[in-house]
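Chains as they are written, first to last, in the UniProt record's numbering: chain A, 1 to 135; chain B, 1 to 139; chain C, 1 to 286.
Treat the hints as calculated values from the structure; they're not laboratory data. In this text, a Cβ means the ideal position worked out from N, Cα and C, and glycines have one as well. Watch out, some of these pointers could steer you wrong.
Coverage of chain B stretches by chain A, computed from C-beta distances (three or more under 8 Å per stretch; other residues unrestricted) [what the hints assert, rightly or not]:
1. 14–26
2. 47–56
3. 91–100
4. 108–114
Heads up, simulated DSBU-like pairs for lysine-lysine below, C-alpha to C-alpha not over 30 Å straight-line [to be verified]:
5. C:Lys-221 / A:Lys-71
6. C:Lys-280 / C:Lys-163
7. A:Lys-71 / A:Lys-5
8. C:Lys-141 / C:Lys-130
9. C:Lys-192 / A:Lys-71
10. A:Lys-5 / C:Lys-130
11. C:Lys-192 / A:Lys-26
12. A:Lys-26 / C:Lys-141
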Amino acid sequence: MEVLKSDSLPIRTSEDMVSVRTSVRKFATELRFGIVDQTKIVTAASEIARNTLDYGRGGDLRMEALSNGTKRGLRLIFTDRGPGIRDIERALTDGFTSGNGMGLGLGGTRRLMDEFEIASKVNEGTTVTITKWSR
Amino acid sequence: MEHIPILRMGSFLLITVQVDMHDRLALQLQDDLTERIVQHGSHGVLIDISALEVVDSFIGRMLGNIASMSRVLDAQTVVVGMRPAVAITLVELGMSLPGIRTALTVERGMEILRGDVENSMQELEAEEPERAADGSSEV
Amino acid sequence: MSTSRIPEILRKHEAALLDDWTREQNQLGDISHRLSEADLRAQSRRFLQLLQEAATRGDAADTDTEAFREVRRFLEEVSASRAALGFSPSETATFVFSFKQPLFNQIRASLPSAEDQLAEIWTATLLLDKLGLYTMETYQKTRESIIARQQEEMLELSTPVVKLWDGVLALPIIGTLDSSRTQTIMENLLEKIVETGSELAIIDITGVPTVDTLTAQHLLKTVTAARLMGAECIISGIRPQIAQTIVHLGVELGDIITKASLADAFRIAMQRTGHVVVRKAATSRL
Numbered sequence: 001m002e003v004l005k006s007d008s009l010p011i012r013t014s015e016d017m018v019s020v021r022t023s024v025r026k027f028a029t030e031l032r033f034g035i036v037d038q039t040k041i042v043t044a045a046s047e048i049a050r051n052t053l054d055y056g057r058g059g060d061l062r063m064e065a066l067s068n069g070t071k072r073g074l075r076l077i078f079t080d081r082g083p084g085i086r087d088i089e090r091a092l093t094d095g096f097t098s099g100n101g102m103g104l105g106l107g108g109t110r111r112l113m114d115e116f117e118i119a120s121k122v123n124e125g126t127t128v129t130i131t132k133w134s135r
Numbered sequence: 001m002e003h004i005p006i007l008r009m010g011s012f013l014l015i016t017v018q019v020d021m022h023d024r025l026a027l028q029l030q031d032d033l034t035e036r037i038v039q040h041g042s043h044g045v046l047i048d049i050s051a052l053e054v055v056d057s058f059i060g061r062m063l064g065n066i067a068s069m070s071r072v073l074d075a076q077t078v079v080v081g082m083r084p085a086v087a088i089t090l091v092e093l094g095m096s097l098p099g100i101r102t103a104l105t106v107e108r109g110m111e112i113l114r115g116d117v118e119n120s121m122q123e124l125e126a127e128e129p130e131r132a133a134d135g136s137s138e139v
Numbered sequence: 001m002s003t004s005r006i007p008e009i010l011r012k013h014e015a016a017l018l019d020d021w022t023r024e025q026n027q028l029g030d031i032s033h034r035l036s037e038a039d040l041r042a043q044s045r046r047f048l049q050l051l052q053e054a055a056t057r058g059d060a061a062d063t064d065t066e067a068f069r070e071v072r073r074f075l076e077e078v079s080a081s082r083a084a085l086g087f088s089p090s091e092t093a094t095f096v097f098s099f100k101q102p103l104f105n106q107i108r109a110s111l112p113s114a115e116d117q118l119a120e121i122w123t124a125t126l127l128l129d130k131l132g133l134y135t136m137e138t139y140q141k142t143r144e145s146i147i148a149r150q151q152e153e154m155l156e157l158s159t160p161v162v163k164l165w166d167g168v169l170a171l172p173i174i175g176t177l178d179s180s181r182t183q184t185i186m187e188n189l190l191e192k193i194v195e196t197g198s199e200l201a202i203i204d205i206t207g208v209p210t211v212d213t214l215t216a217q218h219l220l221k222t223v224t225a226a227r228l229m230g231a232e233c234i235i236s237g238i239r240p241q242i243a244q245t246i247v248h249l250g251v252e253l254g255d256i257i258t259k260a261s262l263a264d265a266f267r268i269a270m271q272r273t274g275h276v277v278v279r280k281a282a283t284s285r286l
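Pulled out of the complex, with its shape left as it was, chain A reads as follows (with noise of 0.2 Å):
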């Protein structure tokens, strides 16, 4: 697998959410998604975006544009220094929530990408990483 090319911004603020957005849609048009897996990456990376915000005191996104001689990927790699998930399986169960309403944020955001992985350590932050491959 080779990474085309690669890029980062902060997670801090509301307004960084909207940039994560148009950024990722960026990323992701440059390789050829089709507008449906577009649609999904972004609100994805939306979703996992405002944990990062809301639950991780801000923290980081890395975007890398992947090949692995087929198909393309982008993948998205949310750092945040945070409290840490507990119990991660059960914030992966839909209809989770840990407060202000969230609960269909991860188990969602699952369907809508290809691979997902979260490592979370309590006191120390979570890292959630997505993965979509082109059809």
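Given chain A, put chains B and C in place with the hints provided.
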């Protein structure tokens, strides 16, 4: 402070969302809208989201909230112009926006609202039924 | 910089190598009906030139470097054109592999010491093996992209959305529904709903042999997505076995309108759009 414009058309309010909303702007819209419904005694709210390329769970919930709040204030809400890619994504995300009425275009949304108002007028035998029926617009 | 003697050998004996190689290629198999002798010779000469330049500039054993970019690009062209001309993978790779014999001969003739000969022949083997494999890979990729394009074209052709009436679309699905085909079909339908402003769409699955859980869920998702856009779907043509499967699989169809036949669905669609279908009294024309 930025606001999303709310147009008044007769007894209806029309909102055309044309920018990618950040969360505060979306919350501001809820406040503005409920105020305007009460101020004008509006019976219907039309939200045109045909320009929106992304509707995430936050915006989805906001649409649901607007519909519920409007209902409490005796106004019907119709969301119009959702793009296919957005609709597919929302379904995949697990949000089917129950309780929100939808239409393909602003015209169809207007017809639905007019139909509603006519029905409720007939039921209530309101004082000025022709006002809602002619649908003339004033901004 | 390369310490190998190969670049020097390629440069000095270019003409002889080209002759030997062309002869070698002709001996290995008759390809003259697909590629003329002149074209083959031109291709071979071009390859020799590029190889010599690359080996002079870079390390002769490392073909992934910048120095070999032109060589790689040329081999891509060769294998793509051969794939299109109907060459088999081994016929395509033979282009590179057949150069081994002439080059080995030339190495043996040019270097006096057996030790040097061995070392250079080893380097040449590595070099040509890598380039040969690269040609195979590119050939494979070209074929894959041809197949992928054909699949896409087939998907598009196999999903016509037809207009039945003002505001009423029909999507007759024929053949097995796998996950990716269902996705394409459904996206296509939703696009057409917007394009035509149709509030009703009939999805007819008479021509679908079986429905599994995933397909049923895709159908459900489409109906839900259409509702979000302000349109309603009717599913028709549900055959008895499929009805049984749906129930056995525990798929909840909710309040989705289902009809046994397209005709029944059309009748509902006409009602919904405010039309009444009446039969005229028999006229002399009938």
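Checked hints:
Chain A is given as covering the region 14–26 of chain B, and this holds because 4 residues of the stretch bring a CB closer than 8 Å to a CB of that chain, at least three being needed. For the region 47–56 of chain B, the assignment as covered by chain A holds, since 4 residues bring a beta-carbon within under 8 Å of that chain's beta-carbons and 3 suffice. Interface restraint, the region 91–100 of chain B with chain A: holds (4 residues with C-beta to C-beta distance below 8 Å; minimum three). Residue count for the region 108–114 of chain B with a Cβ under 8 Å from a Cβ of chain A: 0. That is fewer than the three needed, and the coverage hint is violated.
Our distance criterion of 30 Å between C-alpha atoms is met by C:Lys-221 and A:Lys-71, whose separation comes to about 26 Å. A hinted pair counts as satisfied when its Cα atoms are at most 30 Å apart, and C:Lys-280 with C:Lys-163 qualifies at roughly 24 Å. Simply put, A:Lys-71 and A:Lys-5 have alpha-carbon atoms about 15 Å apart, close enough for the 30 Å limit, and the pair holds. For a cut-off of 30 Å, the pair hint linking C:Lys-141 to C:Lys-130 stands: about 16 Å separates their Cα positions.
Between C:Lys-192 and A:Lys-71 the CA atoms are separated by roughly 28 Å; this keeps the pair inside 30 Å, and the hint holds. For the suggested pair A:Lys-5 and C:Lys-130, the alpha carbons sit about 27 Å apart, so the restraint of at most 30 Å is met. A hinted pair counts as satisfied when its Cα atoms are at most 30 Å apart, and C:Lys-192 with A:Lys-26 qualifies at roughly 26 Å. Using a Cα cut-off of 30 Å, the hinted pair A:Lys-26 and C:Lys-141 holds, with the two alpha carbons roughly 27 Å apart.
Of the hints listed earlier, the one the structure fails to meet is number 4.
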